[in-house]
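So the sequence shown is residues 40 to 340, counted in our numbering.
The set of hints was computed from the structure by calculation and includes no laboratory data. Predicted, not measured: the structure shown is a model, and the values here were computed from it. Careful: at least some of the hints might be erroneous.
As the list claims (entries may be wrong) - Quick list of in silico lysine to aspartate or glutamate cross-link-like pairs, EDC-like style, CA-CA up to 20 Å: (1) 202 x 279; (2) 236 x 319; (3) 260 x 320; (4) 117 x 150; (5) 117 x 70; (6) 53 x 70; (7) 236 x 98; (8) 260 x 301; (9) 269 x 313; (10) 208 x 266; (11) 53 x 64; (12) 260 x 324.
Said to hold, decoys possible - Using C-beta positions, here's what the derived DEER-type ranges look like: (13) 145 x 125: 17 to 27 Å; (14) 95 x 285: 17 to 27 Å; (15) 170 x 212: 23 to 33 Å.
All C-beta atoms, glycine included, are put in the ideal place defined by N, C-alpha and C.
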Amino acid sequence: HKIIIVDHLKDSDKWKNLCGLSFLDYIEKDDFIRDPERFLSGNVVQSVIHMGACSATTEKDVSFLIRNNFEYSKTLAKACAGRGIYFLYASSAATYGNGELGFSDSKDIDDYRPLNPYGFSKQIFDLWCKRNHLMDKVTGLKFFNVFGPNEYHKGSMRSVACKAYEQIKKEKSLKLFKSHRSDFAHGGQLRDFVYIKDALEIFYYIWINRFSGIWNVGTGKARSFEDLGKAIFNSMNISENIEYIDMPESIRNQYQYFTEGDMKKLENSGFPMDSIHSLEESIDDYVSNYLNHQEPFLGEL
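Could you put the whole structure together from the sequences, leaning on the hints where they help?
Here it is as structure tokens:
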């Protein structure tokens, strides 16, 4: 497939993710959105895969998130719908909020209440698609906690796996947040950690089948931060040394203690969920084949 990349590389190391890849052209995101019709005309583009967004769950500038995550996505979706171009975009598991209503991609999306502005920016785009009768023309992927090669440029938004590896390598110990709820032990907070290679298999399956609507991208098996830490220590062949520290008060009210993707819809569609790697297998591949190397970038997925 011939690929045109749209991004905003600026002064980060994101450019290294493109080294060794084969693509037709590169366009800066601001140049693209000024006149998307110009780039989408001519019946050449068959699908648009929109993964770009500010994914910082700590971002406080809601107006920025609206412009960057919501308005940009609306412009793209309208341009694609007008030309019959398949539009696949990144939603987020952050739209599910505290999980009281579950994590089902088959329920009415109106009911969910995100806990942070990032989740809100993703939720309102999902709702915009629904209210503009586009759900049968677009595909939204609700990614859970994705980790793996090529996330090194993301700063504080790198996965816990990536940050934990660096901390253990430097200090031979790992700091995890204490629990501030009696029903969760320290380090017992649970996440649906999904390896990027498995996330891409799910993505490709949905894309190649041209499914529409909302789809979860996860493992369906929540694991604790302590499990994650132990897997990293084991892969690094370092003795476990975990310290529990207080969670900053600034994030306590918007902290998710449990996420677990309901993967029944995907499994019922024919995807082999038993092909998804375990947390331990995924961590071992990430550490052994990427993080332990001087140049950990993965040139081809």
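For this session: Measure nothing beyond the straight line between the CA atoms of residue 260 and residue 320; if it is 20 Å or shorter, mark the hint as holding.
Result: Given pair residue 260, residue 320 holds - Cα atoms ~14 Å apart, limit 20 Å.
For this session: Verify the proposed pairing of residue 260 with residue 301, using a straight-line Cα cut of 20 Å.
Result: This hinted pair holds, its Cα atoms lying about 9 Å apart.
Exercise. Hey, residue 208 versus residue 266, does the alpha-carbon distance stay inside 20 Å?
Worked result: Within the cut-off at roughly 18 Å; holds.
Problem set entry | Hinted pair residue 236 and residue 319, Cα distance within 20 Å | holds (14 Å)
For this session: Starting from the hint 17 to 27 Å, judge whether the C-beta atoms of residue 145 and residue 125 obey it.
Result: Given range 17 to 27 Å: holds, Cβ gap about 21 Å.
For this session: Could you check the hint for me, namely that residue 95 and residue 285 are 17 to 27 Å apart, CB to CB?
Result: Given range 17 to 27 Å: holds, Cβ gap about 22 Å.
Exercise. Are the Cα positions of residue 117 and residue 70 separated by 20 Å at most?
Worked result: It holds: about 17 Å lies between the C-alpha atoms, which stays within 20 Å.
For this session: Can you let me know if the beta-carbon spacing of residue 170 and residue 212 is within 23 to 33 Å?
Result: Violated - the Cβ-Cβ distance for residue 170 and residue 212, about 49 Å, lies outside 23 to 33 Å.
Exercise. CA of residue 260 to CA of residue 324, is that 20 Å or under?
Worked result: holds (19 Å)
Exercise. Has the given pair, residue 53 with residue 64, been kept, meaning a C-alpha gap of at most 20 Å?
Worked result: Roughly 16 Å separates the two Cα atoms, so the pair holds.
Exercise. Taking 20 Å as the top limit, are the C-alpha atoms of residue 236 and residue 98 close enough?
Worked result: This hinted pair is violated, its Cα atoms lying about 27 Å apart.
Exercise. Within a Cα-Cα threshold of 20 Å, do residue 269 and residue 313 meet the stated pairing?
Worked result: violated (23 Å)
The structure fails to meet hints 4, 7, 9 and 15 from the earlier list, while all remaining hints are met.
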